[in-house]
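Novice: Going line by line, the protein sequences match chains A and B.
Its first residue numbered 1, the first sequence is counted upward by one per residue in our numbering.
Its first residue numbered 1, the second sequence is counted upward by one per residue in our numbering.
Keep in mind that the hints are not guaranteed to be accurate.
[What the hints assert, rightly or not] Below, a list of computed lysine-lysine pairs in the BS3-like style, where the Cα atoms sit at most 30 Å apart:
(1) B/K614 / B/K333
(2) B/K297 / B/K448
(3) B/K171 / A/K333
(4) A/K182 / B/K333
(5) A/K162 / B/K297
(6) A/K333 / B/K239
(7) A/K614 / A/K553
(8) A/K487 / A/K568
(9) A/K182 / A/K162
(10) B/K606 / B/K297
(11) A/K441 / A/K568
(12) B/K405 / B/K568
(13) A/K297 / B/K333
(14) B/K614 / B/K553
(15) A/K610 / B/K162
(16) B/K160 / A/K614
(17) B/K171 / A/K320
(18) A/K333 / A/K610
(19) A/K606 / B/K160
(20) A/K454 / A/K73
(21) B/K160 / A/K610
(22) A/K508 / A/K472
(23) B/K271 / A/K182
(24) B/K239 / B/K333
(25) B/K606 / A/K162
(26) B/K140 / A/K271
(27) A/K320 / A/K215
(28) B/K568 / A/K610
(29) A/K606 / B/K162
Derived from the structure by calculation, the hints contain no laboratory data.
Protein chains: 2
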Amino acid sequence: MNNEYVKIKILPYNREVIVEKDKNLLQTLISAGVNIYASCGGRGTCGKCKIKILFGEYTTEEPSQFISDEEKKQNIVLACKTFPKSDLSIELLNQLDVIEEIQKHSFLQYEFFKENLKEEIEKNFGVSPLIKLCQLDLPKPSIEDNTADVDRIINHISQKEKINVVFDNLKLASNLPDMLRKNAWNVDCLISEKFCVNEENPVYNITYISPKIDKVYAIAVDIGATTVVVALVDILNLKILGVYSTLNQQIVYGSDVITRIIHSEQNNGLKELNQKVVYTINELIDIATKNAEVQLKDVYTAVVSGNTTMTHFFLNLPAKYIRREPYIPVVNKILPIDVSQVGLMMNPQGKVYCLPLVASYVGGDIVSGVVACGTCPASCGIDESDDLCVLLDLGTNGEIVVGNKDFLVSAACSCGPAFEGIGITSGMVATVGAIEDIEIKYTEVKYKVIGDTKPVGICGSGLIDIPAELYKAGIIDRAGKFIKDNKVFKNRIRENDNGELEFVIVEKNFTANNQDIVITESDIENILRSKGAIFHGLYTLIRYLGMNLSDIKKIYVSGGFGSFIDIKKAQVLGLFPDVEQGKFVISGNTSLLGAILFLLSSDARKRIYKVQQKMTYVDLSSLPMYMNEYTSSLFIPHTDLSLFPNITKELRR
Amino acid sequence: MNNEYVKIKILPYNREVIVEKDKNLLQTLISAGVNIYASCGGRGTCGKCKIKILFGEYTTEEPSQFISDEEKKQNIVLACKTFPKSDLSIELLNQLDVIEEIQKHSFLQYEFFKENLKEEIEKNFGVSPLIKLCQLDLPKPSIEDNTADVDRIINHISQKEKINVVFDNLKLASNLPDMLRKNAWNVDCLISEKFCVNEENPVYNITYISPKIDKVYAIAVDIGATTVVVALVDILNLKILGVYSTLNQQIVYGSDVITRIIHSEQNNGLKELNQKVVYTINELIDIATKNAEVQLKDVYTAVVSGNTTMTHFFLNLPAKYIRREPYIPVVNKILPIDVSQVGLMMNPQGKVYCLPLVASYVGGDIVSGVVACGTCPASCGIDESDDLCVLLDLGTNGEIVVGNKDFLVSAACSCGPAFEGIGITSGMVATVGAIEDIEIKYTEVKYKVIGDTKPVGICGSGLIDIPAELYKAGIIDRAGKFIKDNKVFKNRIRENDNGELEFVIVEKNFTANNQDIVITESDIENILRSKGAIFHGLYTLIRYLGMNLSDIKKIYVSGGFGSFIDIKKAQVLGLFPDVEQGKFVISGNTSLLGAILFLLSSDARKRIYKVQQKMTYVDLSSLPMYMNEYTSSLFIPHTDLSLFPNITKELRR
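Chain A extracted, bound-state conformation (with noise of 0.2 Å):
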């Protein structure tokens, strides 16, 4: 049978692609290169990847459930149930390939690290970059004095700064004596931390050397399983030049990393993931680079920060074992790596180095967040604190470390993406647009949009709000059920297309995309699912440690929406737990912050590893009491009200 070929011509960016006629338009899309949006991985049950067939003929299944009947009047449809039978013009629908500056979202200290960051680091850490920069004035060589060029170079760089200097880059031998006589033995010369072991005397080698190095540039990043957030660093003026953040690419293969980690076992699935994530890295590079007025070859240094599961997937290694039991990954502990071995726009003799990893749902964003999340504000962080803190990083995945100087014990679990706005009716990513606060006063919804502009959905830290202001508003019950009878809200409580019931949060002539937004039924369940899981592994971990919540003297709450959350309305919802407020500490994008910290310090480097090595990791789904009383947190607060004593008390005025 011979293949067929069709092109498609996509708006609104008017890029055109040749595909298999007749096969799944989805599909064909992603492999084409298509940043098109499928939560499920294209199995046709999330609905997101919509597009406007605006030209030329297909096929596609009916009915659909995603797909009204006003839609479907338009020629819109669902890209994964779409066979084309010609050429087609299409318009991509809800997707959300944008790249923007961050200001204030998703990364809390930028404002402050803009002013403060040589100082900062300074008083927490002292200050000692991965790369450093050695401007060499070399002895003449002689008769007498022959020593080799590189081996005078190390002599000379090691004495200097009494450090251990290898030399292990034959391209970078080819051209160097020529330019050392030429520039009469004073040369420029980059130095990278070669072992990040927890050695007291770490080796360099030898990165980068010519006549003139003034400009030396990093990035940092944090690959989220939503968010990939690159931070552009000037390591000579230890400046924050730029935060940039989009989606994560991968997510054309599902929201969820059990979702991708299944496509990574599927025939070139893990490259594919790769590249997405490469991808993603490097537009943010690109970006911000162009920006900065930055040159791709003066940056010189990579710190990525991630998950196990992400770090896998950047590394090209098989995540198979991350998803079954006993759930191992292929590394831990990864010394830095050769760009060309990842494929990252930037110098090629550059070194790429990955945040170390404790397990397979415990990764290098929780291990340097909990160094990270005591810098800002100051105070220890938890790996030097006396007192019982903890750290909840919410993102697509929840993590939690309990600890203090002592000990650390770290442990995961499955929340899932609705808090990023993923796998919600009307959620979305905290970007401009997005609903980030909600208040039901009377009869009025009240609400905040980030950009002040009108509203397109609702993120994390406005989806936090909703549960319990429907609750105290009457309009849903304790189990998140809608309560029918309601009669305030009937206007706004209706049945939508599936039969299910939902609340109109914005009408359409409020929006700015002119569709309602709402919330269903399932969203909320999904919602308080989500909670649920955070709090009960919180309060799982603390019980299994023999210790009381009220123990606890500091709870740090990173995570890209943990940055903005209301913690009053998260302990309505039960998310945190129902502790005096003067113990939470709202600490950003703490992955982020970490790799930045390693990026500029040996001492967070030392701290980073010695937390690496220190934490123990408990697996909440083989503790019996996680099981079984998991379903109690999905109430809200909770069915034991004696948790949230406060809180009830409050919600009973």
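Dock chain B against the given chain A, drawing on the hints supplied.
Specialist: Coordinates of chain B only, in the frame set by chain A:
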């Protein structure tokens, strides 16, 4: 102007190459990869690139002093003076592109080590190869013991072997998870020393992992300017499986090191020299592995020993400053290199180790030789000796080491390749057909031929005999000039086509190639210059140290031709000092032996690195007494006969 091309068919290989019409045939043949040998580097001054044109049109520059009338009639021309005008068929003459398995030539200890390698290494150093096999019986992971796969292996080896291990190979990690599980956590693993710096606790890296590894081979390589030797070593059974040698194909760019450095400074010249030596080594690896029925993938380690220039060419590093005052190499201490960086035919995951260098004219061959020279027959090596020792390494270059356990001083003398048979009318390398021993008794010229065949030419050990024998027979005077009125040998003394006197050693009807084997006055001058450079170098160095020749307790003589030297005859020639013959130790190819020791013993590695650090280099040409008195050593045995009291007495008898 359009380029026109012609086809050159080369016999006896039946190879065809396409070259530019009207262009210099030697240059174009070399560019096309033909190993055609011209010791002058194609400047028309050596007459070695003779070819016979069997068919086709050409022009040739005439007259050439190297082409006799008889040869002219046979269409024999110099390739460097010839320009093709049509397709040609040519036959290469004088070419020595022979690979041979070494039995005793060039590597004295072969038979010895073939049997006793393990015992000898154990006795002298202790066995601990650069590459080790670890058979892993890993604890199975569980929820409680959830270390990552790679970290599990590292921890296991570190504990079991009490060494530092790192894993820096992402590709290897990719297949690891499935392999471990399929093989019930029993796999074999190869670890290699990662740093060979002078450390008590070297770091190992994981080189290869496989369900079952029962074959581990390595090669030791001696890159001589004239001859390249490869030994194939079975690491698991500690046996040498074969030693093979061939001409260093770089010889097409000149027979001496300086001519090659000049070539390397031309456009693409360095790359050409690099490719030639890599190709030469690969040819030897190919034949060695085929004969031993070893697969290339099972060869994991290469140890390369060579002088500084050879090591630079092997690493594709520029050598231009080696020949310019103050004579500085690019690098002395070389870290292990990935196979892919140098292009050797072996397991691509393997590592290549280069022996460390001391200075531009004292390389890894000498450093390893200092340790190796005492091994066979066993003594302690210069670096551990209480007594004053000398190492004379006689090859294309001559290197001298003087020292004991307290100090080591080295020097180089540009003795030229005469003793390799290069630049001598009937000279040849020490292989089958070479005259290795000559004696003139009464009217008779007696000689011994390697392989007991008809002779083809004279190799180094034969060339040493000639001046002394001719002098004793009254054929030449002490300055090496023919005594024209010699009656006894008047049939053998004649004037050649160039008007130069020569002595016929073997007439053409007794030779294998139907050509007279002769020695000319310039040949003798050449030999005297070489011997003079070596003796005078040693004599100068000893005086520079404030000592006398009589203080020397032991003289190790190494190098390809050094193995078969007649000590007495070398003393008569004035090459070796006039000390008791019992002080001389013929040590064979200590460069190759040193590479084997480096491969197999960590004690040897430590000693070799210590020698490299300790050894100082003296530039003889900067010492007035060397330059001013050199000519006095150009006599048989010397102008100052008091330096050779015993020899003088004997010659007078």
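Novice: Each hint should be assessed against the structure and marked as holding or not.
Specialist: Here is what the structure says about each hint:
Distance hint between B/K614 and B/K333 is fulfilled; the C-alpha atoms sit about 13 Å from each other, no more than 30 Å. Restraint check: the Cα-Cα separation between B/K297 and B/K448 comes to about 42 Å, which exceeds 30 Å; the hinted pair is violated. Pair hint B/K171 plus A/K333 holds up; C-alpha atoms about 16 Å apart against a cutoff of 30 Å. Restraint check for A/K182 and B/K333: satisfied, since their Cα atoms lie roughly 24 Å apart, inside the 30 Å limit.
Between A/K162 and B/K297 the CA atoms are separated by roughly 41 Å; this puts the pair beyond 30 Å, and the hint is violated. The hinted pair formed by A/K333 and B/K239 fails the criterion: a straight-line CA distance of about 37 Å is larger than 30 Å. The hinted pair formed by A/K614 and A/K553 meets the criterion: a straight-line CA distance of about 21 Å does not exceed 30 Å. With a CA separation close to 27 Å, the supplied pair A/K487 and A/K568 stays within the 30 Å bound.
The straight-line distance between the Cα atoms of A/K182 and A/K162 is roughly 28 Å, inside the 30 Å bound, and the hint therefore holds. As the CA atoms of B/K606 and B/K297 are separated by approximately 29 Å, the hinted pair is consistent with the 30 Å bound. The hinted pair formed by A/K441 and A/K568 meets the criterion: a straight-line CA distance of about 16 Å does not exceed 30 Å. In summary, the hint linking B/K405 to B/K568 is supported, as the alpha carbons are separated by about 29 Å, within the 30 Å threshold.
For the given pair, A/K297 sits about 28 Å from B/K333 by alpha-carbon distance, which is consistent with the 30 Å threshold. Distance hint between B/K614 and B/K553 is fulfilled; the C-alpha atoms sit about 21 Å from each other, no more than 30 Å. For the given pair, A/K610 sits about 21 Å from B/K162 by alpha-carbon distance, which is consistent with the 30 Å threshold. Annotation: proposed proximity of B/K160 to A/K614 holds, straight-line Cα distance about 22 Å (limit 30 Å).
Between B/K171 and A/K320 the CA atoms are separated by roughly 16 Å; this keeps the pair inside 30 Å, and the hint holds. Between the alpha carbons of A/K333 and A/K610 the distance comes to roughly 12 Å, so the proposed pair stays at or under 30 Å and holds. Among the hinted pairs, A/K606 with B/K160 is consistent with the structure: their alpha-carbon atoms are about 26 Å apart, no more than 30 Å. Between A/K454 and A/K73 the CA atoms are separated by roughly 27 Å; this keeps the pair inside 30 Å, and the hint holds.
For the proposed pair B/K160 and A/K610, the alpha carbon gap of about 23 Å is at most 30 Å, so the pair holds. Between the alpha carbons of A/K508 and A/K472 the distance comes to roughly 25 Å, so the proposed pair stays at or under 30 Å and holds. At roughly 23 Å between alpha-carbon atoms, B/K271 and A/K182 fall within 30 Å of each other, so this suggested pair holds. Note on B/K239 and B/K333: the hinted pairing holds, with a Cα-Cα distance of about 28 Å set against a maximum of 30 Å.
Between B/K606 and A/K162 the alpha-carbon distance is near 23 Å, which keeps this suggested pair within the 30 Å criterion. The suggested pairing of B/K140 with A/K271 holds, with an alpha-carbon distance near 28 Å, which does not exceed 30 Å. Annotation: proposed proximity of A/K320 to A/K215 is violated, straight-line Cα distance about 41 Å (limit 30 Å). For a cut-off of 30 Å, the pair hint linking B/K568 to A/K610 is broken: about 69 Å separates their Cα positions.
For the suggested pair A/K606 and B/K162, the alpha carbons sit about 23 Å apart, so the restraint of at most 30 Å is met.
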